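S.K.: Now for the letters of each chain:
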Amino acid sequence: MTLDLSLSTKQSLDLSPTRTRTLEVVDKSNRLKSTSLGGKMVAEYWDNIFTAKERGKHVVWYNGTALNPIFQAAGLEWCHGEAFSARLAAMHLEGPAQQAGEEYGYIAELCSYARTHLGCAVMTQKGITEKQSGIVGMVDQDQLASKLPSPDFFVNAYAGCSTGQQWDAMTYRVFGKDFPIFNVSLPMIWGNKKDSGYLRGTEWEKTPLYVEEQLKKLIEFIEYQTKKPFDWDALSENMSYIKRASELRLEAMALCAAAPTPATYWDWVASIAPINFLPANQLLVDYFQAVKDEIQQRIVNNISAVQNERYRVYFDGIMNWNKLGFLTRKFAEFDVAVVAGRYTHDSFWQEPQLIDLDRPLLGMAQHYLICPINHGLKIMEELLLKRCDEYAIDGIAFHSTRTCRAMTNPQHILARTAERDRGIKSFSFEGDVADAAFYKDESLESGLVAMLESIDQQRAKV
Amino acid sequence: MAESNAAEWFVMGVDLGSTTAKAVIVNSAGDMVSSRVVQMGAVSREGVRVAMEAVLAEAQLRPEDIVRTISTGYGRRLVPGADKMFTEITCHARGAAALSPGVRLVIDIGGQDSKAIAVDDEGLVDRFALNDRCASGTGRFFDVLSRALEVDLPEVAQLALDGSTDLEVSSMCATFAETEVISLLAQGADKADISASVHRAVAGRTLGLIAQVGKASPVVMTGGVAKNPALIKFLSEALRQPIEVLDDPQIAGALGAALIARDEHLGTLSKAIADVDTERQLVAAQSAGAPHCADCDGHLDTHEHRPVSVILQLNHLVGAGLRPEGQ
Numbered sequence: 001m002t003l004d005l006s007l008s009t010k011q012s013l014d015l016s017p018t019r020t021r022t023l024e025v026v027d028k029s030n031r032l033k034s035t036s037l038g039g040k041m042v043a044e045y046w047d048n049i050f051t052a053k054e055r056g057k058h059v060v061w062y063n064g065t066a067l068n069p070i071f072q073a074a075g076l077e078w079c080h081g082e083a084f085s086a087r088l089a090a091m092h093l094e095g096p097a098q099q100a101g102e103e104y105g106y107i108a109e110l111c112s113y114a115r116t117h118l119g120c121a122v123m124t125q126k127g128i129t130e131k132q133s134g135i136v137g138m139v140d141q142d143q144l145a146s147k148l149p150s151p152d153f154f155v156n157a158y159a160g161c162s163t164g165q166q167w168d169a170m171t172y173r174v175f176g177k178d179f180p181i182f183n184v185s186l187p188m189i190w191g192n193k194k195d196s197g198y199l200r201g202t203e204w205e206k207t208p209l210y211v212e213e214q215l216k217k218l219i220e221f222i223e224y225q226t227k228k229p230f231d232w233d234a235l236s237e238n239m240s241y242i243k244r245a246s247e248l249r250l251e252a253m254a255l256c257a258a259a260p261t262p263a264t265y266w267d268w269v270a271s272i273a274p275i276n277f278l279p280a281n282q283l284l285v286d287y288f289q290a291v292k293d294e295i296q297q298r299i300v301n302n303i304s305a306v307q308n309e310r311y312r313v314y315f316d317g318i319m320n321w322n323k324l325g326f327l328t329r330k331f332a333e334f335d336v337a338v339v340a341g342r343y344t345h346d347s348f349w350q351e352p353q354l355i356d357l358d359r360p361l362l363g364m365a366q367h368y369l370i371c372p373i374n375h376g377l378k379i380m381e382e383l384l385l386k387r388c389d390e391y392a393i394d395g396i397a398f399h400s401t402r403t404c405r406a407m408t409n410p411q412h413i414l415a416r417t418a419e420r421d422r423g424i425k426s427f428s429f430e431g432d433v434a435d436a437a438f439y440k441d442e443s444l445e446s447g448l449v450a451m452l453e454s455i456d457q458q459r460a461k462v
Numbered sequence: 001m002a003e004s005n006a007a008e009w010f011v012m013g014v015d016l017g018s019t020t021a022k023a024v025i026v027n028s029a030g031d032m033v034s035s036r037v038v039q040m041g042a043v044s045r046e047g048v049r050v051a052m053e054a055v056l057a058e059a060q061l062r063p064e065d066i067v068r069t070i071s072t073g074y075g076r077r078l079v080p081g082a083d084k085m086f087t088e089i090t091c092h093a094r095g096a097a098a099l100s101p102g103v104r105l106v107i108d109i110g111g112q113d114s115k116a117i118a119v120d121d122e123g124l125v126d127r128f129a130l131n132d133r134c135a136s137g138t139g140r141f142f143d144v145l146s147r148a149l150e151v152d153l154p155e156v157a158q159l160a161l162d163g164s165t166d167l168e169v170s171s172m173c174a175t176f177a178e179t180e181v182i183s184l185l186a187q188g189a190d191k192a193d194i195s196a197s198v199h200r201a202v203a204g205r206t207l208g209l210i211a212q213v214g215k216a217s218p219v220v221m222t223g224g225v226a227k228n229p230a231l232i233k234f235l236s237e238a239l240r241q242p243i244e245v246l247d248d249p250q251i252a253g254a255l256g257a258a259l260i261a262r263d264e265h266l267g268t269l270s271k272a273i274a275d276v277d278t279e280r281q282l283v284a285a286q287s288a289g290a291p292h293c294a295d296c297d298g299h300l301d302t303h304e305h306r307p308v309s310v311i312l313q314l315n316h317l318v319g320a321g322l323r324p325e326g327q
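Protein chains in written order, with my numbering: chain A, 1 to 462; chain B, 1 to 327.
Here chain A stands alone, though its shape is the one from the complex:
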């Protein structure tokens, strides 16, 4: 080492700003190409929604679980509140909707999905011409946030989140209670009885039956609203596509147990929209077939999703939609392959064997109940350790989702469980699903690097 510390030789100290590593970052991530097809499908889906009224379609606004196969079978157009909020955030266009929500009276600590979507409701109702924000560029941004067609009715089916039910109740009021609302109750799966566990025990056997009955009532409600008999055959057909797409998705995910991984959590995040709310059809199946094919080809060609994969990390928390590309590059910068996550791997039709095409409502009820924020701690611990084992996880990044306490509240306990039972290191960082203001890069980087240093030291001890 040669240090010239004299005052007159600043150059030799190399104090120039370009010395900072963050300015010289090379993107070491290698995202799947096939997921861009999903982006196109999602864009087309929303464009279609925006013209629903012109086409004389009934529109339902809903939140929470994936009721869309039912809506599709009933000939409805459906708008999923979180999905639209996430889309706005991913495009960095959430600001006008959130501002509208705040102007209406919803505080920043409210779930940012809810806040954004409520803002959309306000804007949809008021119309863009009434907005005079005076902010340059706001009008263009307004155009997307205010494009949603007003609903003909609401359906709420939220598991594990009390805010979800209040959110739709508030939206109902924003629209002057002019449109009916139907609530599906999804009880918590506590998992604290002796025979309880993931997909097992008397609690598990009984609760879906209760939900299945409610789904039947929902269908009666939809028939009443649309004045049309429900098409049960169409529902079975829809679920057959969902089942196949889900199987392909899981098979593709399982391929990522390979090291280095051919695809990452960020690719699975990009694939959430298709499996969660796009129409169930052959295109959906084709999409996941393409994703699986690309992953298989990557394995054959020994192509990894992260250049120089040195650490395999699990992501716990809902995605920070404002930061998808940024976090993809950020973790890869430190040779981290984020290979799995609670949000991607334990949500969205993740148990396709439960889908019975002769009795589709039961399988749907079961899936709605296994939402990752609807379990008691015992089951969450079981699932976390299972995923850590499957994907040979070295560390866990806990995204402390600031306005989603339902996802965040057990994280410290889960961190201890992973450390105690598997010796897996972890760290927490703050952020949010659809509000960039809660993310602080220094906080993420300090925690991430410290965790990687701990992993290195742990490896050196072995």
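Simulated from the structure, these hints should not be mistaken for lab results.
Among the hints, a few may not be true.
Ranges between beta-carbon positions, derived for each pair [said to hold, decoys possible]:
(1) A:Glu109 / B:Ala189: 26 to 34 Å
(2) B:Gly188 / A:Gly325: 48 to 56 Å
(3) B:Gly102 / A:Glu109: 42 to 50 Å
(4) A:Asn409 / B:Asp166: 22 to 30 Å
(5) B:Gly214 / A:Ile107: 28 to 36 Å
Beyond 12 Å from chain B on every Cβ pair, some chain A residues (computed) [stated by the list, open to error]:
(6) Gly105
(7) Thr226
(8) Glu351
(9) Lys425
All values reported here derive from a predicted model rather than from experimental measurement.
Every residue, glycine too, gets a C-beta built ideally from N, C-alpha and C.
Once you have looked at the hints, place chain B on chain A.
M.R.: Frame of chain A, contents of chain B only:
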């Protein structure tokens, strides 16, 4: 002052924090030969230069006597000549474990953030928790208090030790705390009680961090806030166990960085020798007709593309007064 000899070498740890720069030099035996803390304001490049110059001068060493430098702290990317960076978490754990063997829990409260670090029996990080985005419970918190009470920083601690009534000040954020303090002053509350209440709030906040990693004993406190006797008292009471304060708690991170530099250099020495051997074998292979390097026509002994790491390692060997056989 360090007495240099051919076999002895030195490493440096530099901790560029949010309000101070700290530098420590450790010799090849692992002994600290000099240290310096410089108060220079927010992440100051000038501060780190002064600290590094001062610590070299104190040890009577030249920059080229330092075989490896590791930086840490918020400004770790700005430390000139650093070979590698580590987080404060790893470095404080290592430094505290060296200064207080057997430590199991390190509480580091610096100017900008707070950390609770569970340490294993080898002085390595087991678990850690960082404060969230705001400056609650950090040194900044006490700066704000000092300004609001219009007293010097050391006096704030003394006032707190004299206070008795708990005024239940919010622990949520430094800005809110300042507002609360001004409000309490306006209500005629005693300054000593206010100061004590703020300290109690910070202790409670720190206790929350400790809860995340799990209570363990013995406890050592590092960082600038460890010099605040009132906080030690309140935190110790809240934790219900004694807290050891290091003689110079601010240098723990820089010392840890220096010790890691020493570890790495010890490892690097043997690896460098191995690499040199490998290179010599490459030369031998070249002479024996092995495939040539297309870029340099096989002149491996003067290879312009020699791996940088090997060049650095060779420099380190020379800097350390050691020469691989035949060099």
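S.K.: Using the beta carbons of Asn409 of chain A and Asp166 of chain B, state whether their distance is inside 22 to 30 Å or not.
M.R.: holds, 29 Å
S.K.: Within 48 to 56 Å: is that where the Cβ-Cβ distance between Gly188 of chain B and Gly325 of chain A falls?
M.R.: holds, 55 Å
S.K.: Should the label of Thr226 of chain A as a non-interface residue stand, given a Cβ cut-off of 12 Å to chain B?
M.R.: For Thr226 of chain A, whose nearest Cβ neighbour in chain B is about 48 Å away, the distance exceeds 12 Å, so it holds.
S.K.: Confirm or reject the claim that Gly102 of chain B and Glu109 of chain A have a C-beta distance inside 42 to 50 Å.
M.R.: holds, 43 Å
S.K.: Has the hinted range 28 to 36 Å been met by the Cβ atoms of Gly214 of chain B and Ile107 of chain A?
M.R.: holds, 34 Å
S.K.: Checking the smallest CB distance to chain B, is Gly105 of chain A really beyond 12 Å?
M.R.: holds, 23 Å
S.K.: For the range 26 to 34 Å, tell me whether the beta carbons of Glu109 of chain A and Ala189 of chain B fit it or not.
M.R.: Cβ of Glu109 of chain A to Cβ of Ala189 of chain B: about 29 Å, so the range 26 to 34 Å holds.
S.K.: Taking the closest pair, is the beta carbon of Lys425 of chain A still more than 12 Å from chain B?
M.R.: Its Cβ does come within 12 Å of chain B, the nearest being 8 Å, so this is violated.
S.K.: Beyond 12 Å from every chain B Cβ: check whether that's true for Glu351 of chain A.
M.R.: holds, 33 Å
When held up to the earlier numbered hints, the structure conflicts with hint 9 and nothing else.
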